[in-house]
Amino acid sequence: ALKRKFKVAKQSLATIQDKFNKLDSKVPDGLCRLWVEQELVVQSCWWNTPQAMDIYEVRLEKAPTMKAIEIDLIHKDHSFSSSRGSATWIAQALKVEQAQIADWLSISHRQDRLQSQIGALVHGAAQFIRNDWQVNPRQRPRSIAPFDGDSNDETDDLFLPDRPGHQEVSNVPLPSYIGVQYFHDMGLGSLVEQEIHLRQGQANDALHELHLALMEKAVIFCTDVWKGGNYKMTTRAWGWISNAEAMVQRHAAIYCPCRKQLIALGAGEDILGKYQELNRADLTVSATIADPNARGHCDDTLAWFWTVDLPWDSAMNDRMSEFYRVNWLRTKALQDRWEEELELLTLETGWTQKFFLHKEKFWSGWHMEALAVGNTSFTCYSARQSQMYRDLSGTLGCTSR
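Each residue of the sequence shown is one higher than the last, beginning at -11 in my numbering.
It is possible that part of the hints are untrue.
Pairwise CB distance ranges, derived in the manner of DEER restraints [unchecked claim]:
| no. | residue 1 | residue 2 | range |
| --- | --- | --- | --- |
| 1 | Tyr170 | Cys244 | 19 to 27 Å |
| 2 | Ile251 | Arg98 | 30 to 38 Å |
| 3 | Gly18 | Met41 | 50 to 58 Å |
| 4 | Asn315 | Ala56 | 52 to 60 Å |
| 5 | Met376 | Met203 | 49 to 57 Å |
| 6 | Met41 | Asp379 | 41 to 49 Å |
| 7 | Thr76 | Glu204 | 30 to 38 Å |
| 8 | Thr272 | Pro16 | 36 to 44 Å |
| 9 | Trp77 | Trp35 | 50 to 58 Å |
| 10 | Arg325 | Gly73 | 57 to 65 Å |
| 11 | Gln39 | Gly18 | 20 to 28 Å |
Listed below are the simulated DSS-like cross-link pairs for lysine-lysine, each with C-alpha atoms no more than 25 Å apart in a straight line [stated by the list, open to error]:
| no. | residue 1 | residue 2 |
| --- | --- | --- |
| 12 | Lys7 | Lys(-5) |
| 13 | Lys(-2) | Lys320 |
| 14 | Lys349 | Lys(-9) |
| 15 | Lys10 | Lys(-5) |
| 16 | Lys55 | Lys248 |
| 17 | Lys349 | Lys(-2) |
| 18 | Lys320 | Lys10 |
| 19 | Lys(-5) | Lys320 |
| 20 | Lys262 | Lys55 |
| 21 | Lys7 | Lys262 |
| 22 | Lys(-7) | Lys320 |
| 23 | Lys262 | Lys248 |
| 24 | Lys55 | Lys10 |
| 25 | Lys342 | Lys(-7) |
| 26 | Lys342 | Lys(-5) |
| 27 | Lys(-9) | Lys342 |
| 28 | Lys(-7) | Lys347 |
| 29 | Lys320 | Lys83 |
| 30 | Lys(-7) | Lys7 |
| 31 | Lys262 | Lys(-9) |
| 32 | Lys83 | Lys248 |
| 33 | Lys10 | Lys(-2) |
Derived from the structure by calculation, the hints contain no laboratory data.
All figures in this text were calculated on a predicted structure; none of them were measured in a lab.
Note that beta-carbon positions come from the ideal geometry of N, C-alpha and C, so glycine has one too.
Please take these sequences and the hints and turn them into a complete structure.
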């Protein structure tokens, strides 16, 4: 075990030293000196002041929410040519749009349950009637289709539902639906800019809720599903998983149209680069990500939107500096840990080797005494013990080199 530990520590130290040297070469000298000073301060006071260890965590402000952007736009309302209250009006329209999405999702879930019941009835109909029956087309109910932005239905008003009671599929009168060029021609380009800002806040809110829902799902897996003591507890935990998954789908359904409308508003590449397309694979999270040191998961990565809460400006100096700082400090701490581990194992190897040499001399002395008195059996035993400790000492000597 000691030989194996020494070998692992030696290899790990070489690997982490290579990583740290590559990282350290990219850091400016001024920042490197500052981080070294911070590390020395933490090492001197961490026992009495545990809060000093916070330098090993990221310290950045979260991305602004839609409500924060709305308040900021209200304070800056005098800089726009539009009438007072336009920011609040657009924010209310976005809330109505979110309510439509939630309503449509609820209807879709009820339709799925009803369809499963109808399917069960259809399969059971063969027991009572023939298999060549058909439904009268005049009695067939009209389906409710979700709004996809490319509807070909001819209606008198684009922003009113074509049938009473279907408000969840109608549009709201926003620049992203009416058309950006129309507002520019009317001299209302400020409304377009306001909607772009509020759409970013809406996307931030949706992604933040996605974070919470996915984390809750992972925690339920770890604490309730995997550790369920009986069938009742496991079944209840899977019900919580279903609720968390419903929340994930709800906020994903809010984010995807939000990004689509940002494209329709002509948002720049800097904005669209931040709010990327959301794929189904992005909505899965591994519970082992909470423990990056878990065996076999050192290369696990999170989806892109887990870093959206970070400040995003043109230069990204603060963001890159913060993550270089945290990564540099953590890598330095890992390197120090392996250096300490290797030093302790080197000393332990030396102590063990000296013990084996002492035992070799001890049994060599007994071997000489047994040989002098002619005790053949004890002579053989002491010679074997002396050779065994000599071999062990030689093995540790090869390991330490």
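Structure-based check of all given hints:
no.: 1; hint: Tyr170 to Cys244: 19 to 27 Å; verdict: holds, 24 Å
no.: 2; hint: Ile251 to Arg98: 30 to 38 Å; verdict: holds, 31 Å
no.: 3; hint: Gly18 to Met41: 50 to 58 Å; verdict: violated, 23 Å
no.: 4; hint: Asn315 to Ala56: 52 to 60 Å; verdict: violated, 29 Å
no.: 5; hint: Met376 to Met203: 49 to 57 Å; verdict: holds, 56 Å
no.: 6; hint: Met41 to Asp379: 41 to 49 Å; verdict: holds, 46 Å
no.: 7; hint: Thr76 to Glu204: 30 to 38 Å; verdict: holds, 32 Å
no.: 8; hint: Thr272 to Pro16: 36 to 44 Å; verdict: holds, 38 Å
no.: 9; hint: Trp77 to Trp35: 50 to 58 Å; verdict: holds, 56 Å
no.: 10; hint: Arg325 to Gly73: 57 to 65 Å; verdict: holds, 58 Å
no.: 11; hint: Gln39 to Gly18: 20 to 28 Å; verdict: holds, 25 Å
no.: 12; hint: Lys7 to Lys(-5); verdict: holds, 19 Å
no.: 13; hint: Lys(-2) to Lys320; verdict: holds, 16 Å
no.: 14; hint: Lys349 to Lys(-9); verdict: holds, 23 Å
no.: 15; hint: Lys10 to Lys(-5); verdict: holds, 23 Å
no.: 16; hint: Lys55 to Lys248; verdict: holds, 21 Å
no.: 17; hint: Lys349 to Lys(-2); verdict: violated, 31 Å
no.: 18; hint: Lys320 to Lys10; verdict: holds, 12 Å
no.: 19; hint: Lys(-5) to Lys320; verdict: holds, 21 Å
no.: 20; hint: Lys262 to Lys55; verdict: holds, 19 Å
no.: 21; hint: Lys7 to Lys262; verdict: violated, 28 Å
no.: 22; hint: Lys(-7) to Lys320; verdict: holds, 21 Å
no.: 23; hint: Lys262 to Lys248; verdict: holds, 14 Å
no.: 24; hint: Lys55 to Lys10; verdict: violated, 42 Å
no.: 25; hint: Lys342 to Lys(-7); verdict: holds, 19 Å
no.: 26; hint: Lys342 to Lys(-5); verdict: holds, 20 Å
no.: 27; hint: Lys(-9) to Lys342; verdict: holds, 15 Å
no.: 28; hint: Lys(-7) to Lys347; verdict: holds, 23 Å
no.: 29; hint: Lys320 to Lys83; verdict: violated, 47 Å
no.: 30; hint: Lys(-7) to Lys7; verdict: holds, 21 Å
no.: 31; hint: Lys262 to Lys(-9); verdict: violated, 49 Å
no.: 32; hint: Lys83 to Lys248; verdict: holds, 16 Å
no.: 33; hint: Lys10 to Lys(-2); verdict: holds, 19 Å
Violated hints, listed in ascending order, are 3, 4, 17, 21, 24, 29 and 31; each of the other numbered hints is respected by the structure.
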